[in-house]
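Knowing the structure of chain A, use the given hints to seat chain B with the ligands on it.
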Amino acid sequence: MVRLKLSRREFLTVSVTAVGGVMFGMGPAWLRAAEDASELNVFVTVEPDGATVIGVSQPDMGQGMYTTMSMLVAEELDADWTRVTTKQLPLMLKRDPEGKLAWAWVGQGAGGSTSVVELFGPLREFGARARRQLLLAAADSWDVPVDELGTEPGVVIHTATGRRAPFGDLASRAAVVPAPEEAPPLKSPEDFRLIGKDFEPKATHEVVTGAAGYGVDVRQAGMRYAVIARCPWFDGRLIGFDDTETRKVDGVLDVVEIPGPPPGEPYSTMAPGVAVVASSTWAAMKGRDALSIQWDEGPFRNETTASFDAACQSALDAGDGQVVQEVGDFDAAMAAAATTLTARYRQPYVHHATLEPQNCFAHVQEDRCLVIGPLQMPASASRLVATLTGLDRLAIEVRMTRLGGGFGRRLTSDYVAEAVLVSKATGLPILVQWTREDDMAHDFLRPGGWHEITAGLDDRGRISAWRHRVASPSKYYRRPDEEHWQSEIYTDDAPVGLVDNVRYEYFDMGSGAWRGSWRAPAHTANAFAMESLLDELAHEIGQDPLQLRLALLGEPRVLPYSNHGGPNWNPGRLAKVLQVAAEKAGWGRKLPEGEGMGIAGHFTFGGYVAWVAHVSVSPGGELRVRRLVGAADCGLAVNPKGVRDQMEGGACDALSTALGQELSIDGGRHRETNFHEYRMMRIVDAPPEIEVHIVQGADEPSGMGEPPVPPLAPAVCNAIFAATGRRIRHLPVGDSLARK
Amino acid sequence: MDLEINGKTYEYDGDPEQPLLWVLRDSIGLTGTKYGCGIGQCGACTVHVDGVARRSCMTPVGKVAGRSVTTIEGLSEDGGHPVQRAWLDEDVVQCGYCQGGQIMAVASLLAQVPSPTDEQIDELHTNLCRCGTYYRIRRAIHLAAEYMKEKS
Ligand code: FES
Ligand code: FES
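Residue numbers (our numbering), protein chains in the order written: chain A, 1 to 740; chain B, 1 to 152.
This is chain B alone, in the form it adopts within the complex:
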């Protein structure tokens, strides 16, 4: 089957049940997508499939054949996506392990809800951060929403 990842096409002939997460990390070498739980709880493995956030640990690679997958490495050229910029400007990162997944989840959230309220953030953003950067994540989401508006 053909996999389209960050605009490149790969030919895959392995187990279609293998989670996309491990194909990205072990076979393609895109290690920005992280493993945290493997059961859809933490969101560290979040990627976009056709522009929508998906937890790649729960996505059999066979399911994304012929669809377009974006990982954190492919979100922007050199970190210029509004969400990435907001993350840097609000100094969100602590250990950073969750942050690729956070950013991917938020980029997808803002594509659907361009100016989320705090209540919407509470409801829609469910990624875990063990370091507890939530306070700055919330601020960065609001800032990213502004950057997105400026851009459009």
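For reference, chain A alone in the conformation it holds in the complex:
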């Protein structure tokens, strides 16, 4: 137990409960909307002094939602950006007149780089409506026609009479003006004051002062902590456990069995386990250490990384995959080809390893449930909670905290299910906290696999035949509301539409490993293979790798694209970012011995990104990525600073992954246990120079969470080849340069 000494006044601000929990009287400033603040709509609240609070409906996991989403509202509201603060909105659902569940205002969630695409129109409309209410309030009080009024940031003006009223003065009247039925017309892009420009980001001050709230920071009255011993084997089972010693540990309150998901069914929880509930995280962890548990190691107990690699290679050797795309006649084109090349590439399983381990707060009561946590998909969390509790969806309140990283891990709500099950069993408000070891042992991994590409060039040096074979387990499995099986190669991916004869073959590999969506999912693997092979081809025929790509992409034109970021794509936009990155990087200039540049580009999730990597490799094999130059076309860049953050951060994420990350499988479970084994890049290996150029190739925006990642690893490996003549075909790079 801890007690604050000092004066009584200070004691009141931090009142420590007898069992070690803490209750706070106040949240951060933005949680305390002024009592006399006026809510114009769910996204816009204006205080009498003009301070404007913009609600953010999307969860933030580092993709800049607080800034980008509030810019959309503020633009049409014509808010004074310096007076804008943001607040996270909870999940907002309603029943439509037919009784069907629907979004109350806008779709909510973060995944697939979609927020800015889907909310670009709706959020501006909410801003425009609120502005209109302010205009109507001014028209009413000045008794002038509303059409004569305009705004400057934060002020309504009547030019004819020179009258001006700050938003704060009008807010209370505006809040009771009937909201306009039709959304007022939106600004045309040349009138944007905020969109597309650099402004100070929102909600960062609370991060640098330690006040920002993540899932692990949730503290609620009477809350208890739980840690869970989960079965580490894929599809393993709990045979039995003895909690005698655990219950003797000081602070331990209860022990609860957690059921695993039914075999073969969608994941509710990830694995069966035993939860220890205690008055503190430490007591819960000590209680867990004292458990004695028998597990059944499950049907995959013999799976290892080596067995998986071997199975993928034999599948490719046997060559009997399913043809998932066939354009033209690959075999005939190969028979006629002047030059052919085949190479195999290996991708490891990789882990999300969000720096904030999984966690969630839940309090299940008879007629309601409160869930607070780091959620990418609050509505699917709510659906799962309804299944587990039998409660009506509208009786489930879901609040989103900040996410200490997401990368696709928190699209799944297994950790929400755990908190709900423990709370339901104990009747207590519960925070389930995963340790790093728990997190490393249980993740929905980016599937590993082997790729084989065979390309043929005709006698004019044009690529005439292309076959991409992928041997990899699918991430599309055991999911609700989705087809059970889907290929890990997306059927419209380039070079479909660029090469006349293309065949894609998919080898659906068996593996027990938990699999899921990892930032830019299979694009990371597929782009590595494709962009590496293009580089190999260029060197084979003595052509410049950039020129080879430009020739392949050809003229700007619209091609259909059924997957992420469809319904179409434009190879001309990809060519453009390649050219910009190359030009800015000084592509083609002579470099000293041991240095090299590599280039790669990729389209995904509506965005076009190219990277040029400049590396050096010492005679001893020490790799330095000296400089990265990137070009990004995400259409209209609403928040250019945010785009640069995603490019810089995405490059480091992709580099960190390519250099050192592999989750290996050992006896049907994960081998790496913590960051000393799962190697994440530190500042020493981070590129000291990253230059980002934004190219606007369309009027509408597209998301930038994912596009920066796929082309980075091939650009670096192509640069390693240019520097050393060594081709990296197996990721991670690890110490492969030093060994040879």
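These are calculated hints, taken from the structure and not from any lab test.
Some hints here could point you the wrong way.
Pairs of lysine-lysine residues, derived as BS3-like cross-links and limited to a Cα-Cα distance of at most 30 Å, are as follows [to be verified]:
| # | chain 1 | residue 1 | chain 2 | residue 2 |
| --- | --- | --- | --- | --- |
| 1 | A | Lys641 | B | Lys151 |
| 2 | A | Lys424 | A | Lys94 |
| 3 | B | Lys63 | A | Lys641 |
| 4 | A | Lys641 | A | Lys87 |
| 5 | A | Lys248 | B | Lys63 |
Counterexamples of contact, computed for chain B against chain A with all Cβ distances above 10 Å [stated by the list, open to error]:
| # | residue |
| --- | --- |
| 6 | Asp50 |
| 7 | Ala111 |
| 8 | Val113 |
Here the structure is a predicted model, which means the values were calculated and not measured.
Even for Gly, the Cβ is constructed at its ideal location relative to N, Cα and C.
Just chain B with the ligands now, kept in the frame of chain A:
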């Protein structure tokens, strides 16, 4: 035992082996100090003990009895420490989860090496950032070093 944290004194009578991290977070409610790995690898839990950066997940609370502990919440009044200012000016933050620990580590680094070179940063700054904000962290360290000089 008495714990001095951010200038306030607390009386603690629990397990002296409990890591300082969990005492800060669960018992005192200072949640700005984050848990990332629990084994001294990531630095998300960095605090100052007598002004020097320590990984609180590896520091049994018994070891800080009678010493002065500063957490990110206590680094400055309202975010005005030069390192915090540099972090805002360079727009370092992405998800932000690591950043309290980064800032605490850098504040301690600059107290010892006021104008670090890139090589010194590479050697001395070892905190992990999963979001990959290293490029801006490096720039912010240099900027913070300038702010510190202006201040002194
Ligand atoms: S939590 Fe202490 S170093 Fe990672
Ligand atoms: S900003 Fe997300 S871990 Fe560093």
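### Query
Do the alpha carbons of lysine 641 of chain A and lysine 151 of chain B lie within 30 Å of each other, as the hint requires?
The given pair, whose Cα atoms are some 29 Å apart, holds under the 30 Å limit.
### Query
Has the given pair, lysine 641 of chain A with lysine 87 of chain A, been kept, meaning a C-alpha gap of at most 30 Å?
Holds, at about 20 Å.
### Query
Does lysine 641 of chain A lie within 30 Å of lysine 63 of chain B when you go C-alpha to C-alpha?
The given pair, whose Cα atoms are some 43 Å apart, is violated under the 30 Å limit.
### Query
Is lysine 424 of chain A close enough to lysine 94 of chain A, meaning Cα to Cα at most 30 Å?
holds, 25 Å
### Task
Could you check that no beta carbon of chain A comes within 10 Å of the beta carbon of valine 113 of chain B?
Fine: 15 Å to the nearest Cβ keeps valine 113 of chain B off the interface.
### Task
Grab the minimum beta-carbon distance between aspartate 50 of chain B and chain A and tell me whether it stays above 10 Å.
Correct as stated: the minimum Cβ-Cβ distance to chain A is 20 Å, above 10 Å.
### Message
Next pair to validate is lysine 248 of chain A with lysine 63 of chain B; report whether the Cα-Cα distance is within 30 Å.
### Response
holds, 26 Å
### Message
Over 10 Å from every CB of chain A: does alanine 111 of chain B meet that, or does the non-interface label fail?
### Response
Per Cβ check, alanine 111 of chain B is outside 10 Å of chain A; nearest 18 Å; holds.
The structure does not agree with numbered hint 3 stated previously, though it agrees with all others.
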